[in-house]
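*Asks:* Based on the provided sequences and hints, a complete structural model is requested.
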Amino acid sequence: MSHASTNKSSGPMQRIRRDHKVRNFHQAKWDEPVVFELHRSGERGVIPPGTEAGIASEVGGAASLIPATMRRSEAPKLPEIGQAKVLRHYLRLSQETLGSDLNVEIGQGTCTMKYIPRINEMLIRTPSMMELHPLQDPDTAQGMLEIYHKLDLAMREISGMDAFSFQPSSGTQALLAMASIVRAYHESRGEGDQRDEIITTIFSHPSQAATAAVKGYKIITLHPDEDGFPDLEKLKNAVSERTAGFVVANPEDTGIYNHRIREFTDVVHAAGGVCFYDQANANGLLGITRAKEAGFDMCFFNLHKTFAAPHMCGGPATGALGVAEPFVRFLPGPLVVHEDGKYALKDQPDVSIGKVRSFHGVAQTVLRSYAWIMSLGAEGLRDVARIAVLNNNYLYHKILQIRGASAPYIKGRRLEQVRYSWKQLTDETGVTTEDITRRMCDFGLHYWTSHHPYIVPQPFTLEPTESYSKEDLDEYIQALAHISEEAYTSPDIVKTAPHNSTVHRNDESSLDDPAQWCITWRAYLKKTQAK
Amino acid sequence: MSENRAFAHPYIPNTVPEVQEAMLKEIGLTSIEQLHEAIPDSLKLGGLMDLPPALNEYELRRHVEGLLAKNKHAGAGGYLNFLGAGCWQHFVPAICDEINQRSEFVTAYAGEPYEDHGRFQALFEYQSLVAELVDMDVVNVPTFDWAQAASTAIRMAGRMTGRPVALLPKSVDPDKAKIIRNYCTPVMELREIEIDAATGRLDLEDLRRKLGEDVAAVYFENPGFLGVIEDRGAEIAALARGAGAIAIVGVDPISLGLLEPPSRYGADIVCGDLQPLGMHMNYGGGQSGFIATRDEEKFVMEYPSRLFGIVPTEVEGEYGFGDVAYERTSFALREKGKESVGTQTALWGITAGVYLSLLGPHGMRELGETIVQKARYAARRLAAIPGVTLRFGETAFFKEFVVDFGGTGLTVDEINRRLLAEGIFGGKDLSASYPQWGQCALYCVTEIHSQADLDRLSDAIRKVVSPQ
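From first to last, the protein sequence lines stand for chains A and B. According to the working numbering, the first sequence is numbered sequentially starting from 1. According to the working numbering, the second sequence is numbered sequentially starting from 532.
Please keep in mind that the hints were generated in silico from the structure rather than gathered at the bench. Just so it is clear, CB atoms sit at the ideal spot from N, CA and C, and this is done for glycine as well. Treat the hints with caution; some may be incorrect.
What the hints assert, rightly or not - Label-pair restraints from in silico Cβ distances:
{"#": "1", "chain 1": "B", "residue 1": "Ser573", "chain 2": "A", "residue 2": "Gly341", "range": "36 to 46 Å"}
{"#": "2", "chain 1": "A", "residue 1": "Glu471", "chain 2": "B", "residue 2": "Gly609", "range": "42 to 52 Å"}
{"#": "3", "chain 1": "A", "residue 1": "His223", "chain 2": "B", "residue 2": "Pro571", "range": "21 to 31 Å"}
{"#": "4", "chain 1": "A", "residue 1": "Ser406", "chain 2": "B", "residue 2": "Ser964", "range": "57 to 67 Å"}
{"#": "5", "chain 1": "B", "residue 1": "Met832", "chain 2": "A", "residue 2": "Gly61", "range": "37 to 47 Å"}
*Replies:* Here you go:
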């Protein structure tokens with residue numbers, strides 16, 4: 001190509017102007033087929049290990065080794081694809097995914113999207129970790145068990161609890177385990193049938209109520225007082241001889257810290273209930289305050305949130321479950337113990353809830369969080385809490401200056417996140433929080449509304465964590481301010497977004513229609529051919 | 532501001548003192564302690580927590596690698612592994628690791644169908660690929676593990692039938708049974724079906740006796756925990772259906788290139804673990820459960836999981852993806868939703884999709900054939916050792932089989948300790964869970980074992996049990 005024709009000026013190199021207010025972004029768009037469309041008969045992606053002739057001659061063909069009725073009669077209709085094509089396909093799909101590594105992911109409030117240290121990702125891929133079988137003799141897994149034990153000790157210090165299980169593999173599974181322990185505890189005291197209610201709050205994660213219901217409990221949901229605090233009077237009215245337990249986050253998803261929490265746990269204890277703490281929102285509390293002093297019997301931390309393990313598109317993860325001494329015997333087993341100079345797996349007594357997940361939970365996550373704590377120490381963890389709260393209050397201050405945005409409830413400072421509202425913006429422009437979700441994609445940013453139900457109208461929840469710099473926060477704020485301005489001046493841009501994403505707005509009309517929904521490719525082929 | 536620190540922590544950029552000061556000033560504060568004023572002093576920690584001192588990146592690497600070096604392990608670690616029992620050592624294609632360590636997939640979470648189009652597509656494809664393997668039209672975004680998948684399948688059956696009892700064979704992995712029992716209690720009651728002590732298959736007479744109008748589900752596995760292939764699946768499913776119950780079959784998906792999928796012999800719900808399909812053992816961290824059903828509203832509306840569907844977008848020629856029937860989930864309805872949903876094991880679903888794309892129909896069939904041949908070879912070698920027999924004689928099995936050491940005069944524990952000294956992880960000791968069978972162990976053989984490995988195992992056991 002000739003450069004002469006485009007080089008009109010012979011002067012000095014021009015300064016490149018980069019003065020756009022928001023990022024000039026376009027996401028990867030590969031127009032990638034569904035993997036079945038890459039099929040080419042005869043291509044192979046990989047050749048698995050085969051059978052040596054010596055084995056085949058001794059045992060005969062595979063068909064002779066299984067009953068005729070159990071031989072697959074028709075091959076699965078999997079695609080046949082060469083290796084490079086498979087790699088390219090999935091790499092393209094990865095590029096069409098906006099991981100938190102790639103964006104200022106403060107828009108996924110409640111989920112603590114923090115920096116994922118690469119050293120930890122490297123460490124979990126050590127063969128002496130990846131190739132460990134969970135049923136190996138504990139003597140051959142001493143390094144792994146030492147990591148479990150040392151993380152247990154660190155978590156005890158962070159929470160004030162007396163023992164941890166890392167078996168639950170998400171916050172939801174930890175909540176299920178806690179509701180199970182509540183049941184086992186009351187049954188051990190002969191009150192299993194009588195205590196059939198669990199109390200929670202509306203600004204807590206939906207899984208608190210859902211997992212308690214899985215365990216057969218009736219759910220009582222408390223709504224906040226006018227300042228956004230859980231209502232102590234309502235709690236007093238709710239507790240009774242039927243109260244099995246009280247589960248709450250503090251701060252709740254509003255970022256409002258309930259300073260009377262100790263009174264809450266006292267009220268529940270006085271009624272004979274168990275207090276269990278959802279510490280999904282613990283990032284602003286590390287090294288500042290603990291579950292124990294607030295009066296909780298149990299708590300859990302999401303290692304994939306607060307303790308810097310990645311979210312992996314939605315797991316595998318860990319809900320680290322800690323309990324006070326009277327509840328240790330109910331934990332799922334086995335527990336890792338350090339006895340006589342070595343690490344061992346100790347079975348739990350019969351009153352234990354048994355198990356909630358196979359083996360020992362997600363060991364990679366345990367390793368990652370241990371490494372993260374070791375890279376920070378006590379002072380570093382306190383810095384995490386302080387900076388997470390600083391970042392959040394800086395963001396909060398700036399967001400409230402954006403036209404149409406507000407933060408319902410108490411006006412004072414919040415901890416690590418805030419649930420905001422675009423009610424005014426929606427009333428004045430018709431642009432909704434869902435529209436803004438789609439428009440934020442256009443600037444390479446993720447934005448989430450909130451869990452249902454929308455108690456706060458037109459909600460959004462931002463949690464900046466400690467990981468982002470002031471400039472990162474400013475970029476996010478700028479993008480929201482820009483969209484607010486668009487809503488007031490040219491709302492259609494927002495309503496028809498995304499414009500710079502991989503794809504355009506979905507036609508969602510089929511998703512709730514059994515005759516039309518297509519959950520697999522084969523269902524899609526059947527249902528679209530039928531038309 | 533942080534005391535005694537001359538530099539910002541690499542993970543916390545705003546520990547830069549000037550930045551911190553400017554931000555505090557912006558929000559009208561003078562000290563960082565003021566940020567936590569909402570917390571009463573009575574609840575605050577007095578000083579720093581008692582934790583080990585912070586390590587820099589290089590120190591951390593040496594420290595953790597030093598700990599991990601204390602592990603003894605299979606693969607590059609040089610140990611020959613014959614442990615299975617729910618976590619299996621299989622060949623993992625390099626592309627599986629390449630894709631599941633992509634930064635975008637590792638750090639994505641709850642993005643919208645637009646910014647995370649690739650994540651939605653990859654999970655839709657995983658659903659679709661597993662659907663072909665099990666020959667069903669609906670597969671969920673994966674749950675925690677096989678035990679959870681089975682638990683949820685049973686609860687789905689309970690809701691669909693309005694009945695409170697589930698039957699499952701005594702041969703279900705005792706650890707899995709613990710998980711299912713905890714998850715089902717107190718809403719459903721589990722009852723055990725006897726197994727035939729000679730063949731390891733389900734005792735059909737006992738099943739007939741226990742089927743009744745209160746039974747919501749009959750759950751069985753193929754191959755079962757003890758390795759045997761249940762070749763009377765059609766009969767079991769027919770009995771279940773005849774009694775108005777749902778037939779649930781748990782499968783090892785890696786067997787399905789060779790074995791008939793349960794949908795072909797009457798299963799209403801199929802579940803299992805994806806770990807064999809491209810996940811390393813990871814000390815049990817590679818488990819991932821799937822559930823599959825027919826595409827009928829009565830099934831689909833009972834899933835607690837997310838289900839991704841394909842849809843058109845407003846631009847002709849674009850594939851879009853979204854949540855099918857989201858309103859059934861606990862995300863939408865809290866305690867009124869179907870069980871609960873949240874973070875589970877999505878990345879392993881994507882990886883299983885990559886695995887099935889690579890293996891294809893021929894790879895899956897060849898793999899199944901290889902496994903069944905190698906396992907049979909190993910079993911014959913072991914059974915040729917004096918005092919060593921196969922617990923279930925000649926009942927067909929896939930990759931696992933129960934070895935009875937009763938005739939050797941040694942305990943499994945003793946044998947395994949001696950094998951360990953030879954660099955071999957012997958099979959899982961069953962003597963505590965199945966005391967009625969004495970000294971039995973569950974051995975697992977897969978495609979990764981060479982003939983030389985299997986001969987080494989049988990030579991080592993021969994040496995252990997008959998030292999002359």
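*Asks:* Take a look at whether the Cβ-Cβ distance between B:Ser573 and A:Gly341 falls inside 36 to 46 Å.
*Replies:* holds, 40 Å
*Asks:* Okay, A:Glu471 versus B:Gly609 on CB: inside 42 to 52 Å?
*Replies:* For A:Glu471 and B:Gly609 the Cβ distance comes to about 50 Å; the hint holds.
*Asks:* Taking the beta carbons of B:Met832 and A:Gly61, is their distance inside 37 to 47 Å?
*Replies:* Taking Cβ atoms as reference, B:Met832 and A:Gly61 lie about 44 Å apart, which means the hint holds.
*Asks:* Can you let me know if the beta-carbon spacing of A:His223 and B:Pro571 is within 21 to 31 Å?
*Replies:* holds, 24 Å
*Asks:* Does the beta carbon distance between A:Ser406 and B:Ser964 stay inside 57 to 67 Å, or does it fall outside?
*Replies:* holds, 59 Å
Consistency with the previously given hints is maintained throughout, with no hint failing.
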